[in-house]
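Student: So the protein lines, in turn, are chains A and B.
If you're matching positions, the first sequence starts at 1 in this note's numbering and goes up one per residue.
If you're matching positions, the second sequence starts at 1 in this note's numbering and goes up one per residue.
Calculated from the structure, these hints are not laboratory results.
Some hints could be false.
Claimed, not checked - Here's a subset of chain A near chain B, in silico, CB distances under 7 angstroms, partners left out:
1) 14
2) 15
3) 102
4) 155
5) 156
6) 159
7) 173
8) 191
9) 200
10) 203
11) 205
12) 234
13) 243
Stated by the list, open to error - Estimated spans, in silico, between C-beta atoms of each pair:
14) A:26 x B:59: 58 to 66 angstroms
15) A:100 x B:222: 36 to 44 angstroms
16) B:139 x A:84: 51 to 59 angstroms
17) B:67 x A:88: 47 to 55 angstroms
18) A:177 x B:42: 33 to 41 angstroms
19) A:84 x B:87: 16 to 24 angstroms
20) A:98 x B:84: 28 to 36 angstroms
21) B:73 x A:72: 54 to 62 angstroms
22) B:239 x A:33: 46 to 54 angstroms
What the hints assert, rightly or not - So these bits of chain A aren't anywhere near chain B, every CB distance computed over 10 angstroms:
23) 68
24) 69
25) 123
All C-beta atoms, glycine included, are put in the ideal place defined by N, C-alpha and C.
Protein chains: 2
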Amino acid sequence: MTPEDRRTPPAPNVLITGVTGIPEVRRGDNIADLIMGNFELQDFDVVVVTQKIVSKAEGRTVTIDTSAPLEPQLEAIILSESRRILRRRQGLFITETHSGYVCANAGIDQSNMPTGTIALLPKDPDRSARRIRDRIRAKASLQVGVIVSDTFGRTWRCGVSDVALGVAGVAAIVDLRGSRDASGRELTATQVALADELASAAELAKPKDGAIPAVVIRGISPSYFRESSVAGEIIRPYQEDLFR
Amino acid sequence: MTPEDRRTPPAPNVLITGVTGIPEVRRGDNIADLIMGNFELQDFDVVVVTQKIVSKAEGRTVTIDTSAPLEPQLEAIILSESRRILRRRQGLFITETHSGYVCANAGIDQSNMPTGTIALLPKDPDRSARRIRDRIRAKASLQVGVIVSDTFGRTWRCGVSDVALGVAGVAAIVDLRGSRDASGRELTATQVALADELASAAELAKPKDGAIPAVVIRGISPSYFRESSVAGEIIRPYQEDLFR
Numbered sequence: 001m002t003p004e005d006r007r008t009p010p011a012p013n014v015l016i017t018g019v020t021g022i023p024e025v026r027r028g029d030n031i032a033d034l035i036m037g038n039f040e041l042q043d044f045d046v047v048v049v050t051q052k053i054v055s056k057a058e059g060r061t062v063t064i065d066t067s068a069p070l071e072p073q074l075e076a077i078i079l080s081e082s083r084r085i086l087r088r089r090q091g092l093f094i095t096e097t098h099s100g101y102v103c104a105n106a107g108i109d110q111s112n113m114p115t116g117t118i119a120l121l122p123k124d125p126d127r128s129a130r131r132i133r134d135r136i137r138a139k140a141s142l143q144v145g146v147i148v149s150d151t152f153g154r155t156w157r158c159g160v161s162d163v164a165l166g167v168a169g170v171a172a173i174v175d176l177r178g179s180r181d182a183s184g185r186e187l188t189a190t191q192v193a194l195a196d197e198l199a200s201a202a203e204l205a206k207p208k209d210g211a212i213p214a215v216v217i218r219g220i221s222p223s224y225f226r227e228s229s230v231a232g233e234i235i236r237p238y239q240e241d242l243f244r
Numbered sequence: 001m002t003p004e005d006r007r008t009p010p011a012p013n014v015l016i017t018g019v020t021g022i023p024e025v026r027r028g029d030n031i032a033d034l035i036m037g038n039f040e041l042q043d044f045d046v047v048v049v050t051q052k053i054v055s056k057a058e059g060r061t062v063t064i065d066t067s068a069p070l071e072p073q074l075e076a077i078i079l080s081e082s083r084r085i086l087r088r089r090q091g092l093f094i095t096e097t098h099s100g101y102v103c104a105n106a107g108i109d110q111s112n113m114p115t116g117t118i119a120l121l122p123k124d125p126d127r128s129a130r131r132i133r134d135r136i137r138a139k140a141s142l143q144v145g146v147i148v149s150d151t152f153g154r155t156w157r158c159g160v161s162d163v164a165l166g167v168a169g170v171a172a173i174v175d176l177r178g179s180r181d182a183s184g185r186e187l188t189a190t191q192v193a194l195a196d197e198l199a200s201a202a203e204l205a206k207p208k209d210g211a212i213p214a215v216v217i218r219g220i221s222p223s224y225f226r227e228s229s230v231a232g233e234i235i236r237p238y239q240e241d242l243f244r
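Excised from the complex, chain A in its bound form (with noise of 0.2 angstroms):
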């Protein structure tokens, strides 16, 4: 290592690439080997994917009458999804879902879905990713991570953006208290959502219209990877919360 190394270590990279290909995901359908029959994986990727294709291979979806009303099917929808509804505003419904996620209208909707089809989210997100990241593992012999993300609103700013619902083989959240800046002073803002920003990050190479359910990112730290860890660990406690 030369001193000029010393001084500036080399940039950190990371890449994050759409994969392309992928057919209109139908009920059973394997999504690990959707991704992998239209992406070259390497170990510690990490697969983000959204849950809409999660929901139609697991058969999360609901079929409700055209010809009747909208509005009371939706409601009726979202109720049975939540355990508890933390505010309501004309059509939009803040609830906690039996995972112990919240978000508008339990996560439920029609977008990129046929006439007349609800997507639920999957019952269990973390499991879904799971299976995903197991199957890629089985098959390829890969330590992958894989995150179901979701759009979801925010309080306080306007907008939407993807977070994680489901976590695999990656860490949910990365610790880092008890380590130290630049100066020697201990961090104060020490865990980092790390599966919150790898959905935010995939999101940047995934236009809305659906057309791309997949993204792959390269170039996290192996040291971020992690056998088990859930996205249940990003749910703050009822009893930490303060705006609950």
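Given chain A's structure and the hints, the job is docking chain B onto it.
Tutor: Chain B alone, transformed into the frame defined by chain A:
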């Protein structure tokens, strides 16, 4: 274009690179020059700069009396930097800053700062971003986006993630209302918090020790670049907010 090309458009690719070699920033330093001196920018790059070096360059720091108790001094600074206190628990304040951002402790903190020095948020982060953008444009004739980022906690979800405090040259929010999904249905989640997603993505190439205070994101659609767009667009109007 062959039929094959039409079936599979090129994979969208986004590259995130940390800018190494930026020295400790001091009051009066020109951040655009520091970045351009260490990285060869191109048209349609987005430069994400941490709030911390912007505050240092702008002299937005406060010296505290290290022989006196810390907490009352911090509290006084937090109150003077806030226009409203939303919640308070032990040493933690959730405040609305004078710029309208809701965050912990009015965004002030000591990490990556010399002992006895507190960094405040820039007075007008959009103006800070615009100054950097204008300087890059004047010096290199490049069309770039600039984001001043900070690390915020979130309601409902554990961990922190990076968000946009100031924006110039690139859309803070991409408005897709009226556009359609692959099956022709109008999209529902249509206002994408692009600037926040860019800030989150940048975090992936930026260790928390502060050694890399700027990141370049390449591969964002040229259609997302704007002459004027401000992070203020991200602030949810008080009357639309369901949780304040």
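Student: Against which earlier hints does the structure fall short, listed by number upward?
Tutor: none
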